[in-house]
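Colleague: Sequences listed follow chains A and B, in order.
In terms of the numbering used here, the first sequence has 176 at position 176, counting the first letter as 1, and numbering is strictly consecutive.
In terms of the numbering used here, the second sequence has 1058 at position 58, counting the first letter as 1, and numbering is strictly consecutive.
Errors might be hidden in some of the hints.
[Claimed, not checked] When the alpha-carbon atoms are kept at most 30 angstroms apart in a straight line, the in silico BS3-like pairs for lysine-lysine are as follows: (1) A:Lys-132 with A:Lys-82; (2) B:Lys-1084 with A:Lys-211; (3) A:Lys-132 with B:Lys-1052.
[Claimed, not checked] If you anchor each label on the Cβ, the simulated ranges turn out as follows: (4) B:Arg-1091 with A:Arg-55: 31 to 37 angstroms; (5) B:Gly-1058 with A:Glu-2: 45 to 51 angstroms; (6) B:Leu-1126 with A:Ser-86: 36 to 42 angstroms; (7) B:Pro-1093 with A:Gly-131: 25 to 31 angstroms; (8) A:Ala-306 with B:Thr-1127: 44 to 50 angstroms; (9) B:Lys-1052 with A:Pro-162: 31 to 37 angstroms; (10) B:Leu-1126 with A:Ala-244: 20 to 26 angstroms.
Since the hints were derived computationally from the structure, they do not count as laboratory data.
Computed from a predicted model, the values in this text were never measured in an experiment.
All C-beta atoms, glycine included, are put in the ideal place defined by N, C-alpha and C.
Here are the chains, one letter per residue:
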Amino acid sequence: MEISAETWELIGRYVGAGLALGFGGIGAAIGMGMAAGKANEGIMRQPACQGAMLRTMLIGQAVGGSPSIFALVIGIVILFVKMPLSGLTLAAGAVGAGLSIGLGCLGSGLGCGWPAGAACDGLARNPGQSGKLTQIMIIGQAVGQTPSIFATVIALVLLYVPAALNVHTGWVVAGVAVGAGFAMGAGALGPGMGSGLAAGGAVRGIGCWPKSYGVTLRTMLIGQAVGQTPAIFGMLLAFIMLFALGGRAVGLVGFAKTLGAGLAVGFGSVGPGIGCGHAADSGAEWTARQPLHGAALLRTLLIGQAVAQSTAIYSLVIALVLLYGAG
Amino acid sequence: MFLAFLKERGRLIMDLSSLLTCLDAVMAQADVAAETASAAAETLSDAAVTAKALIKAGGLIGAGICMGFGAIGPGIGEGFAAGKACEAIGRAPENAALLTRTMLIGQAVSESTGIYSLVVALIIFLTVR
């Protein structure tokens, strides 16, 4: 059965858009629901601050919902907008873009729910501190959005930069596109959740001990920055596969190389991202409790996060060995 | 007499021509056999090349999956250990050195399955290259 180029294009567009919206909406929805639940719990405890509580909840939900808006936009672009690719290449690019944005927005959306919930919780404890709480919640959520921004960039490169996919032919196009999609998408999943956990811990700490704002903010930002590294590995590998492979990948073996490398870095970033986020969560919360010992806590936090990153580094090494190893 | 001679000649010619026909047939069969043999050899080597390529492809994807999913567990577990260490230092800051050391020992042990994944991924890669 001969499948024409137009048929492949349509198949790719539908599957890509399905992946983009199917996965992209999960995280943001769960996060926004968490925020709503915590807001109600806060109102139950402090009925007097319901106005401020509703406002904080809506702000948190709005910022935390933006990854799903990215996914919606990219999904509609995949479905309807004309692209400079054609045939099987377009199909592969669309599926890769859908994977990248779908999985990437899952992590960030889910992550942004924790700081929003913790802000509502803290508002119930300390109704007078809504300014500080909202501020640190927004900063934490903004940093947590970064992986979904990386994912959007890679999705747009896959769709709109013909030079990336047109160098390869046949099977390898599918391998490069889907591999890059997994590398960035799953690579943004873990760090997105992790950064959200870290922000949640910081907001929780400020909610209980608002005086340690400066030290806690610093610990949260450093912890989140270290936790973003696996997402940067994912984006790095996606760019390497799209632009720096040259003629190394041919035929079935080339397809397997690129897909294997993408799976390795993509899923290899999930665990370290979540783990480093969990560590930064505790680190930020307890720095708020004990601001005088902030330095000792930060030191242990950084050592622990560095060790937790090690398997992400192994994955990057294996991916580079698969791509550039002889044979 | 002459007729008999002609008959003889005829029979000889007939024999020769039949011999030639036989030879022709044999040569033709040999050609066909040679063609089939070479085609078979090509198919065999094609199949051999494709099988080798399939095995290599499977090995490369397998190595990727091995390291990819194998990195999930140690990441989450070591992060949990670091988190609990931060909590413990928050509660008892004077024991920071002891707590950090215990955290590192625990993280090193939980790294072990990650090392297993790395080793197996490298073994797979080096076996199929």
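Colleague: If a hint holds in the structure, say so; if it does not, say that too.
Modeller: Cross-check of the supplied hints:
1. A:Lys-132 with A:Lys-82: Since the Cα atoms of A:Lys-132 and A:Lys-82 sit roughly 45 angstroms apart, the hinted pair is violated (cutoff 30 angstroms).
2. B:Lys-1084 with A:Lys-211: Judged against 30 angstroms, a Cα distance of about 23 angstroms means the pair holds.
3. A:Lys-132 with B:Lys-1052: 63 angstroms, violated
4. B:Arg-1091 with A:Arg-55: 31 to 37 angstroms: Holds: the Cβ-Cβ distance is about 35 angstroms, inside 31 to 37 angstroms.
5. B:Gly-1058 with A:Glu-2: 45 to 51 angstroms: Violated, at about 28 angstroms.
6. B:Leu-1126 with A:Ser-86: 36 to 42 angstroms: Since the Cβ atoms of B:Leu-1126 and A:Ser-86 sit about 39 angstroms apart, the hinted range of 36 to 42 angstroms holds.
7. B:Pro-1093 with A:Gly-131: 25 to 31 angstroms: The hinted range 25 to 31 angstroms holds for B:Pro-1093 and A:Gly-131, with Cβ atoms some 30 angstroms apart.
8. A:Ala-306 with B:Thr-1127: 44 to 50 angstroms: 32 angstroms, violated
9. B:Lys-1052 with A:Pro-162: 31 to 37 angstroms: 33 angstroms, holds
10. B:Leu-1126 with A:Ala-244: 20 to 26 angstroms: 23 angstroms, holds
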